[in-house]
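Participant: FYI, the numbering for the sequence shown is 18 to 76, going by our numbering.
Calculated directly from the structure, the hints in this document are not laboratory data.
Idealized CB from N, CA, C, for every residue including glycine.
Heads up, a few of these hints could be off.
[To be verified] So the derived label-pair ranges between C-beta atoms look like this:
#, residue 1, residue 2, range
1, S25, L53, 40 to 46 Å
2, E59, R29, 45 to 51 Å
3, H69, L36, 27 to 33 Å
4, L35, E60, 48 to 54 Å
5, I46, P26, 48 to 54 Å
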Amino acid sequence: MTHHRRESPFWRSVGARLLAIMVLAWLSILWFRGCLAPQIQEEILRDQQNTHGSARPAQ
């Protein structure tokens, strides 16, 4: 029984660390998506305008 009681706090700390890592990873993903998404969308629009503007067939 004493061996089981000693492992319990260890596994709790491991679980708490894993949970903290998962939360930090999720928050960083959301932060990067929020910061980078507008810039990426602007780049895509510029690229589309450049390709459509220069790739018009001659009539």
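Participant: Give a verdict on every hint.
Facilitator: Structure-based check of all given hints:
At roughly 42 Å, the beta-carbon separation of S25 and L53 lies within the given 40 to 46 Å, and the hint holds. Taking 45 to 51 Å as the suggested C-beta distance range, the pair E59 and R29 conforms, at roughly 46 Å. Range check, H69 to L36: Cβ separation about 48 Å, and the 27 to 33 Å hint is violated. For L35 and E60, the Cβ-Cβ distance of about 36 Å falls outside the hinted range of 48 to 54 Å, so the restraint is violated.
Checked against the hint of 48 to 54 Å, the C-beta distance between I46 and P26 comes to roughly 30 Å, which is inconsistent with it.
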